[in-house]
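Asks: The primary structure of each chain is shown beneath.
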Amino acid sequence: MRNISLNFKKSWKSAFILAALTLFISLGLKAQDLVAGKTLYKDNCASCHNLETNSTGPALTPKMNEREESYLIPWIRNNAALIASGNKQAIESSKYSPTQMKAFPRLTDDEIKNIIAYAKVGEPKKIAAVGVAVVDEGASSLSIIGVIAIIILSIVVLVVLGRAVKMLERLILKKQGIEIVEEERVSLALGVSGLFKNKKFVFFSVLCLVVVLGSFGWMGMWETGVHTGYQPVQPIKFSHQLHAGINQVDCQYCHSGAFKSKNSTIPSANVCMNCHKNVQAIQEDGSISVEIQKIYNAIGYDPATQTYDKTKEKPIEWVRVHNLPDFAYFNHSQHVVVGETAIRKEKGLKPTDPVCVACHGPVNTMEEIRQFSPLTMKWCINCHREADISDKRNDAFYVNVIAAHDKIKKGEKITPALLGGLECGKCHY
Amino acid sequence: MLAMNKKNIVYGAFIMLAVVAMLSACRDKRSTGLEYARNMYDPIAFNQDQPNKNFANGQTAQTPPPSTDPIGFVRFEFANTAEGLKAAEAAVVNPLPLTKENLLEGKHFYEVFCGVCHGAKGDGKGPITLLEKGINAPAFYGEGKESSRGGLMSELTVGRIYHTVFYGYNAMGSHASQLTPTERWKVILYVQQLQKQK
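Heads up: the sequence lines are chains A and B, in that order. Residues 1 to 429 (my numbering) are what the first sequence spells out, left to right. Residues 430 to 627 (my numbering) are what the second sequence spells out, left to right.
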C-alpha cells in the first residue's frame, strides 16, 4: 500500500513538473530557451549559485520565481549599479553575503531571459531508483543459517518420506494377504545407546571429531593475527565504491599522504568539505543526508549560515582497518612513488588502475572498506623476492644506491646521508 | 533396504553437521579474529590518528604552534579578501623553473587534485562536475570563459591561481592541506600550459 502511494507521489511530482513545463512552453517560452539558458547558467552562474540550495550565492529557483523580470535583468547585468541607484530590493539582496556578485555586461536581454527561464524551472526531478542501496550486511551469517535450515529440512523430509514408504509397503503387503510381524518398536534412547556400542559408528564419529577439531585448530592457528577480510563498522557509512568507483575521485585526493609520507593519512574533514560544502545529497523530505550531516557535526559546520564553529569540532573516530604490527616498518611513499612501476609490473595492474589496488584490492568496488591482503611477512617477502626493479635507474633512490656502490668499489668514503640517513623518518617513526 | 534407511539418515545428518560446523568457522568480518600478543600490534608511541589525553583537544595530530614555521617553509602572507587577491596578483611569482620534471609532476598533481572537477584537460568537465550535484568547476581556456572574480580564465595570473588553491573560492575548498607550496607551484606550471589551449 505504501509502495503504491509512494509511486503515486513520485509520478504525481513528475506529472506536475511536466505540466509546469508545458505551461511555460505555451506561455511562449520555447524549449530552446531552456536549453540555451542551461548552458548560459552553467557558464556564468553555477560557480556561485545552486538552483535549490544556498551556496556562495542564494538558491536561484526560489529567487527567480519571487522577483520580477524587470528587476532581475538589471540586477544580473550590473548589480552594483542597481544597488547604487537605491533600489530597495537590491539593497536587501546585497546583504546576503559580503561577497559581491560579479557584473555581466556582456549578456544580452534575451540571454538573461533564457537564464531566468531555466533557473525558474530547474532540472526535472529524477525519480530515485528504488532498491539501489541493498545492504549486504550479515550476508555470510545469513547464508550459514540458510545452509543449516536446508539441512534440517532435508532430514525432516527424508524421515517423513521413509515413514511414508514404510506405510505404503505395509499396505501393499496387507493387500497381498501377507501378515506382517510387527517389528518391536525400539525406543529412541535405546537406539542411540545401541549406536554407541556399534564399533564402526564409534570409529567414524571419532574420525569426524578429529577431522573437525583438526581443521578448526589448523585454521585458527593459520589465521591468528591475520586480518584479511576485516571490515569493521565505521562511524560514517562512507562508500569507496561511490567515491572512488562511480565518481572517479583519485585515491590520493583524500589519502594525500600516500605519495609523500610513511602514512597514507586518513583525510581530515576539511578534505570532505571540498566537495560536501556543496554536495549535500538532499533527501526527498528536503533534509541533508544523515551521513553528510555527520561530517558537518564533526567540523562544526552550519549549512544554513555556511559558517564554521571551532568550538563544536568533534573528530570522526574512524576504525582502523589496516594495522601492521608496531615492529614492522612500512612506508607508503616508497611503494607509491619509487616502487610504482615495479609493483605495477609485478602485480599485472591495468594502466588505468591506481597503484594502490596492488595491495588494497578493488577498493573502488567496496561499499564498505575491508582488508584485502593478509599483510603478513610472507606476503611482503614474496613480492620483494619477485618484483623486478632493474629498470629503476632513473629514480633518485636507486641512483643513490648505485652511486654508493660505485664509491665503495673505488674505496671512497660513503656516509649514511648519501643513503637517505638524514630523513627524519629513518629514526623518528 | 528399510533397515538401512535409518542408519543412512543418521550418518548423513552427522556428516552434514560436521560440514556446517566447518563452514561456521569462517571468520566474522566485524572482528579481527584470533590474535596472539596484541600488544605487539599496538604502538607504544601514539599514532597520529589516535586519541590522546595529553593534549587539550584530545588528538595526537597537532597543528604547529602559532607563529612557528617548519624549516624552509614559506608563508603565504596574503589575506583571503579581494584586496589580498589583488596584492597576491601583483607580488607573487612562481619560484620554480619550467622544466620537464616539474611539468610532469605538476601534471600528476593536477590530475589527482584538480582534474576531478576541472577535467583532466582543464575543460571543466571532470567527473564531479559532470554529476551536476552543485559543483561546477570552470574551464581554464576558451573564449568568453570568465572567472567569477572577473577576467578571462585563460588570463588568470599565477598569484591569483595560487591564492585560489590556497584559500579556495566559491564551491572550491582550500587545497592547502593536501598540497605543499612546492607541489602547488608545480600544479600551477601545468595549469598555465592548460590555459594556452584553444
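In case anyone wonders, no lab produced these hints; they're calculated from the structure. Any given hint might turn out to be false.
[As the list claims (entries may be wrong)] Just so you have them, the derived chain A footprint on chain B, three or more residues with Cβ under 8 Å:
no., stretch
1, 436 to 442
2, 572 to 580
3, 603 to 613
[Unchecked claim] Restricting the straight-line Cα-Cα distance to at most 30 Å, the calculated cross-link-like pairs of lysine-lysine (BS3-like) are:
no., chain 1, residue 1, chain 2, residue 2
4, B, LYS574, A, LYS260
5, B, LYS554, A, LYS63
6, A, LYS166, B, LYS482
7, B, LYS435, A, LYS199
8, B, LYS458, A, LYS347
9, B, LYS482, A, LYS42
10, A, LYS38, A, LYS262
11, A, LYS312, B, LYS482
12, A, LYS345, A, LYS378
13, A, LYS95, B, LYS515
14, A, LYS262, B, LYS529
15, A, LYS175, B, LYS435
16, A, LYS113, B, LYS574
17, A, LYS38, A, LYS113
18, A, LYS237, A, LYS166
19, B, LYS458, B, LYS515
20, A, LYS350, B, LYS529
Please read all numbers here as calculations on a predicted model, not as lab measurements. Quick reminder that beta carbons are idealized off the backbone N, C-alpha and C, glycines included.
Asks: Now look at each hint and say whether the structure bears it out.
Replies: Results for each hint:
Only residues whose beta carbon comes within less than 8 Å of a beta carbon in chain A count, and the stretch 436 to 442 of chain B has 5; three or more means the coverage holds. Restraint check on the stretch 572 to 580 of chain B versus chain A: 6 residues with Cβ-Cβ distances below 8 Å, three needed, restraint holds. Judged by the Cβ-Cβ criterion of 8 Å, the stretch 603 to 613 of chain B is covered by chain A as claimed, because 6 of its residues qualify and three suffice. At most 30 Å may separate the alpha-carbon atoms for a hinted pair to count; LYS574 of chain B and LYS260 of chain A exceed this at roughly 35 Å.
Our distance criterion of 30 Å between C-alpha atoms is met by LYS554 of chain B and LYS63 of chain A, whose separation comes to about 27 Å. Under the criterion of a C-alpha separation no larger than 30 Å, the hint pairing LYS166 of chain A with LYS482 of chain B is inconsistent with the structure, at around 74 Å. With a C-alpha separation of about 17 Å, the suggested pair LYS435 of chain B and LYS199 of chain A falls inside the 30 Å cut-off, and the hint holds. As the CA atoms of LYS458 of chain B and LYS347 of chain A are separated by approximately 26 Å, the hinted pair is consistent with the 30 Å bound.
Restraint check for LYS482 of chain B and LYS42 of chain A: the C-alpha separation of about 49 Å exceeds 30 Å, so the hint is violated. At most 30 Å may separate the alpha-carbon atoms for a hinted pair to count; LYS38 of chain A and LYS262 of chain A exceed this at roughly 46 Å. For the given pair, LYS312 of chain A sits about 18 Å from LYS482 of chain B by alpha-carbon distance, which is consistent with the 30 Å threshold. A C-alpha spacing of about 20 Å is found between LYS345 of chain A and LYS378 of chain A, which places the hinted pair at or below 30 Å, so the restraint holds.
Between LYS95 of chain A and LYS515 of chain B the CA atoms are separated by roughly 23 Å; this keeps the pair inside 30 Å, and the hint holds. For the hint pairing LYS262 of chain A with LYS529 of chain B, the CA-to-CA distance comes to about 27 Å; that is within 30 Å, so the pair holds. About 25 Å separates the Cα atoms of LYS175 of chain A and LYS435 of chain B, which keeps this hinted pair within 30 Å; it holds. Between LYS113 of chain A and LYS574 of chain B the alpha-carbon distance is near 20 Å, which keeps this suggested pair within the 30 Å criterion.
The straight-line distance between the Cα atoms of LYS38 of chain A and LYS113 of chain A is roughly 11 Å, inside the 30 Å bound, and the hint therefore holds. Restraint check for LYS237 of chain A and LYS166 of chain A: the C-alpha separation of about 57 Å exceeds 30 Å, so the hint is violated. Taking the CA atoms of LYS458 of chain B and LYS515 of chain B, the gap is near 55 Å; set against the 30 Å cutoff, the hint is violated. At roughly 25 Å between alpha-carbon atoms, LYS350 of chain A and LYS529 of chain B fall within 30 Å of each other, so this suggested pair holds.
Violation of the numbered hints given earlier is confined to hints 4, 6, 9, 10, 18, 19; the remaining hints are satisfied by the structure.
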